[in-house]
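Single-letter residue listing:
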Amino acid sequence: MTLLRISDLRTYFPTPDGIVRAVDTIDLSIRERETLGLIGETGCGKTVLGLTLMRLLQSSTKTEGTIIYKGTNLLKISEAEMRMIRGEEIAMILQNPTTSLNPVMRVGEQIAEAIQLHQGLSKRDSKEKAIEMLDAVRIPSPSQRANEYPHEFSGGMKQRVMIAMGLACNPSLIIADEPTKGLDVTIKSQIVKLLKEVTKERAMLIITHDLGVARALCDRIALMYAGELVEYATTRKIFEAPLHPYTRGFLGSLPRNGLVPIPGMSPSLINLPLGCRFHPRCANAKAICRKKHPGMVEIEDGHFVRCFHA
Amino acid sequence: MIEVRKILGSIGLGILTIFVIVAIFAPHIAPYNPHQIYRPMEHPSSSHLLGTNDLGNDILSEIVYGTRVSLFIAFIVSAISMLVGTSLGLIAGYFDKVGFLIMRVVDVVLTIPRLPLIIVIASFMRPSTWNLIALFLIFGWLMTARIIRSEVLTLRRRYYIDATKMIGGSDFYILWRHILPNVVPLVVVQFIMEAIHVILAESGLCFLGLGDPVARSWGMVFHYAFECPTIYVSDVWMWWMLPPGLCIVFTVLGLTFVGYALEETFNPKLKSSFRRMEL
Amino acid sequence: MHQISKLAYYFVIVLIILSINFFLPRVMPGDALSYLTDPGADMPVRMTEEKGEILLAYYGLDKPLSEQYINYMVGIIRGDLGLSIYYNDPVLEVILSRMKWTLLLVGTSTAIYITLGILLGATSAWARGRKKDMALLISILSISSFPSFFIGILMVIFFVVKLGIFPLSGAQTAFATYSNPLEEIFDILHHLVLPAATLIISHIGGTYFLMRNSMLGVLGEDYIMTARAKGLSERYILHKHAIKNALLPIVTMTAMTAGFMVTGTIFVEMVYAYPGIGNLLYNAVSYNDYPLLQGIFLFITITIVGANFIADMIYIRLDPRVNHE
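Same order as they appear, the protein sequences are chains H, Z and L.
Letter by letter, the first sequence follows residues 1 to 310 in my numbering.
Letter by letter, the second sequence follows residues 1 to 279 in my numbering.
Letter by letter, the third sequence follows residues 1 to 325 in my numbering.
In isolation and in its complexed conformation, chain H is listed as follows (with noise of 0.2 angstroms):
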């Protein structure tokens, strides 16, 4: 049952210095419980991917397409209707809970007051369930904790927090937005442990540059690149037998598989390479690659892939 399908969606900002096209036309589409990992190196647009499902991003924006969630085109609802679906039926955890946590609001108060709000229970009842979100992302001691103010946790706890925020009012998805970042590797493999646990029950958009925390979370894995998706495969696929040469480069810069770097750097959203926008730097580009912009084509049975020398 498919949960979320994207279609042509785009996200432009307009700036002094020209348009930046963060999100240029993707495709995309989640099911029920389904994990899907969207990858793609600091600025390729993946975050602003997903602030565009949650209409998060300023008016100043524009936005093109259709995310149709549960049968809704979520572009066409009113600010009001949105809102009604954030946090309840999609939640978003946000990047750096240090920073993305009230430094003045309790723990507790900050779960509870989207459950207050999207679950209409009073404020007693809604602390009773936030305490047992803090409970679920396995914090100790949860209703002492739930009092204190978010600088009294730690980097790995904070996170758990935000986890517990996010899964709140039991949505349907969850789009994570670099969840391990900055965490040690031991608390990095119990976040993924909570986060497997996580969705068993509901959907996942993960957001991440990690390629191990993918592999272990995902079922499928979507390759972002300069704004565009460049290759799209079950989890297997994507690390057995990769098809894109970005994708082969992203893998072959990991430790294990020798470190090696992929040449060139990311281009500027605003001023795109004509034709493939990773020929630049690719290995194997050809006169084609400069001149034609290839389009995300099914190789095989969902493996899609945007090259012509796949």
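Just so you know, the hints here were simulated from the structure itself, not pulled from any lab data.
Each hint should be verified, as a subset may be incorrect.
[Unchecked claim] Using 27 angstroms as the maximum straight-line C-alpha spacing, the simulated BS3-like pairs for lysine-lysine come out as follows:
{"id": "1", "chain 1": "H", "residue 1": "Lys188", "chain 2": "H", "residue 2": "Lys237"}
{"id": "2", "chain 1": "L", "residue 1": "Lys132", "chain 2": "H", "residue 2": "Lys62"}
{"id": "3", "chain 1": "L", "residue 1": "Lys131", "chain 2": "Z", "residue 2": "Lys6"}
{"id": "4", "chain 1": "H", "residue 1": "Lys123", "chain 2": "L", "residue 2": "Lys244"}
{"id": "5", "chain 1": "H", "residue 1": "Lys129", "chain 2": "L", "residue 2": "Lys240"}
{"id": "6", "chain 1": "H", "residue 1": "Lys129", "chain 2": "L", "residue 2": "Lys244"}
{"id": "7", "chain 1": "H", "residue 1": "Lys200", "chain 2": "H", "residue 2": "Lys129"}
{"id": "8", "chain 1": "L", "residue 1": "Lys244", "chain 2": "L", "residue 2": "Lys6"}
{"id": "9", "chain 1": "L", "residue 1": "Lys131", "chain 2": "H", "residue 2": "Lys62"}
{"id": "10", "chain 1": "H", "residue 1": "Lys196", "chain 2": "H", "residue 2": "Lys237"}
{"id": "11", "chain 1": "H", "residue 1": "Lys181", "chain 2": "H", "residue 2": "Lys196"}
{"id": "12", "chain 1": "L", "residue 1": "Lys6", "chain 2": "Z", "residue 2": "Lys97"}
{"id": "13", "chain 1": "H", "residue 1": "Lys129", "chain 2": "H", "residue 2": "Lys188"}
{"id": "14", "chain 1": "H", "residue 1": "Lys196", "chain 2": "H", "residue 2": "Lys129"}
{"id": "15", "chain 1": "H", "residue 1": "Lys62", "chain 2": "H", "residue 2": "Lys292"}
{"id": "16", "chain 1": "H", "residue 1": "Lys70", "chain 2": "H", "residue 2": "Lys200"}
{"id": "17", "chain 1": "H", "residue 1": "Lys193", "chain 2": "H", "residue 2": "Lys129"}
{"id": "18", "chain 1": "H", "residue 1": "Lys196", "chain 2": "H", "residue 2": "Lys70"}
{"id": "19", "chain 1": "L", "residue 1": "Lys131", "chain 2": "L", "residue 2": "Lys244"}
{"id": "20", "chain 1": "H", "residue 1": "Lys76", "chain 2": "H", "residue 2": "Lys62"}
{"id": "21", "chain 1": "L", "residue 1": "Lys132", "chain 2": "L", "residue 2": "Lys244"}
{"id": "22", "chain 1": "L", "residue 1": "Lys132", "chain 2": "Z", "residue 2": "Lys6"}
{"id": "23", "chain 1": "H", "residue 1": "Lys193", "chain 2": "H", "residue 2": "Lys181"}
{"id": "24", "chain 1": "H", "residue 1": "Lys193", "chain 2": "H", "residue 2": "Lys237"}
{"id": "25", "chain 1": "L", "residue 1": "Lys240", "chain 2": "L", "residue 2": "Lys131"}
{"id": "26", "chain 1": "L", "residue 1": "Lys132", "chain 2": "L", "residue 2": "Lys240"}
{"id": "27", "chain 1": "H", "residue 1": "Lys123", "chain 2": "L", "residue 2": "Lys240"}
[What the hints assert, rightly or not] Derived CB-CB ranges, DEER-like:
{"id": "28", "chain 1": "L", "residue 1": "Ile310", "chain 2": "Z", "residue 2": "Arg104", "range": "18 to 28 angstroms"}
{"id": "29", "chain 1": "L", "residue 1": "His239", "chain 2": "H", "residue 2": "Lys291", "range": "50 to 60 angstroms"}
{"id": "30", "chain 1": "L", "residue 1": "Leu182", "chain 2": "Z", "residue 2": "Pro213", "range": "40 to 50 angstroms"}
{"id": "31", "chain 1": "L", "residue 1": "Ala127", "chain 2": "Z", "residue 2": "Val109", "range": "31 to 41 angstroms"}
{"id": "32", "chain 1": "H", "residue 1": "Lys62", "chain 2": "L", "residue 2": "Ile143", "range": "37 to 47 angstroms"}
{"id": "33", "chain 1": "L", "residue 1": "Phe175", "chain 2": "Z", "residue 2": "Pro229", "range": "17 to 27 angstroms"}
{"id": "34", "chain 1": "L", "residue 1": "Ser139", "chain 2": "H", "residue 2": "Ser268", "range": "35 to 45 angstroms"}
{"id": "35", "chain 1": "H", "residue 1": "Glu201", "chain 2": "L", "residue 2": "Ala127", "range": "35 to 45 angstroms"}
{"id": "36", "chain 1": "Z", "residue 1": "Phe25", "chain 2": "H", "residue 2": "Ile270", "range": "46 to 56 angstroms"}
{"id": "37", "chain 1": "Z", "residue 1": "Leu49", "chain 2": "L", "residue 2": "Arg128", "range": "43 to 53 angstroms"}
{"id": "38", "chain 1": "H", "residue 1": "Thr186", "chain 2": "Z", "residue 2": "Arg156", "range": "30 to 40 angstroms"}
{"id": "39", "chain 1": "Z", "residue 1": "His35", "chain 2": "L", "residue 2": "Gly217", "range": "44 to 54 angstroms"}
{"id": "40", "chain 1": "L", "residue 1": "Arg128", "chain 2": "Z", "residue 2": "Val109", "range": "29 to 39 angstroms"}
Note that beta-carbon positions come from the ideal geometry of N, C-alpha and C, so glycine has one too.
Starting from the known structure of chain H, arrange chains Z and L on it as the hints suggest.
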């Protein structure tokens, strides 16, 4: 929004330029010598555009020459305060032991309320322009020193400072070539804020009667107008009180606009955010 | 722990202020008293031999310096601030009798301008860059360029001289008798409006800018985005998340400003001849009433220092991060 900033800045600059020109060319612009006596309490006429005061001086000339006094006081206090404040701020931020001492002094003096102290001291002194300047200088450098110091503390941690040390740069060289240039925007903004403060404080002191009775700044002209018992009768206030008051207002306005425009340009996240300093 | 060191710090400051007060007349060029008795000096109040003696005794200038200092400190503790030359009453009494009016004026004005400043500042920040913000910004920038006494005088000219709807001076109508307390209250309020309005207009800029900047900072923070992601309404976010955080620096500034307000009232009280401490200070300056002048200075300074201290205490209580250092 960027437009507004530029427009305001230009307007401010324009206003200030006009006043500076008036100050510099006062003898050529003023119709009479402000100390020359004519018929007192004259209404505005073709010979005295703003009438005369209770002594018989031409008010317009008073105001033109007053521009010199008011601007001079503000400028010199601000300039010296910036010099002293920046130097002390640089030293305090760079050399910790000395810095600690300097900052304690700054903290203590800052806690003492400025205006009452100035009023009390001024009442004991003979009223004169230089006395006022000295008084304002006691306090003028404090805030700047503090702000500059805290900026230096941040800048010190930058890598290029260590790099410069490693290639043998002396402390003075570092301060002069690397830290000082980064601190200049803050100083400029502080200069403007101090100037605003001085103009308002000086006019306030004059209003209380503590200003220089000979070199009459706008504040003093206003003071004498206020002291005149018939000031509200027959609209005398219109040509005796309004002009100097408006001069003060427009000068401060000009400075405010320029300061606002500059502040947003230099750094929208400046710590020394543009707040009015209380008298 | 914080509390005690702060207390000690402020105590030192008070000592310094007391010492300044002590040394000031003794340090000024020439003998402070010759200033007064010199027949050439331009002074509205003539000094008689008698008054001269009183002053001499007050300053104890015939005794050694250290003894003078001790006498002075002891006097302060006992509440003896000397005798006012002009009013011929103990300085402390003179000050205390005026204090209620200044408190009334400052109290009502502060409450109003802070509330207004916060509301307007928040509104501006929320509507950043749009017409509402720009209009507010420019208006308040412009108003803040007016010296407080000028605003006062303009208001007097307009509302008193031209329109005649408000009284010119004083806190109450002179020699008035009231048939009931309500009448008296109304009369007091009637006299309070213009001075309070003047104070409010001249001080609102500070709070407005601080609030606006603070809000702008807060609105750019990540946790506001988190709140939006949870589906909370803009209004809710403004109240529960943004304002509370933005208010922190305001609290500190407010308590400090409350102290400075006392000095701000000097000009306003002068313009309206409002019988508060500010007006008293003006009279003291005009009549060279040194004991009174020093007494007022002491009084005002200690009030401000006290206000600073309270501000620090409040801030410590409000910001949960501070306690955990």
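Which of the numbered hints are not met once you compare them with the structure shown? When the structure is compared with the hints, none of them turns out to be violated.
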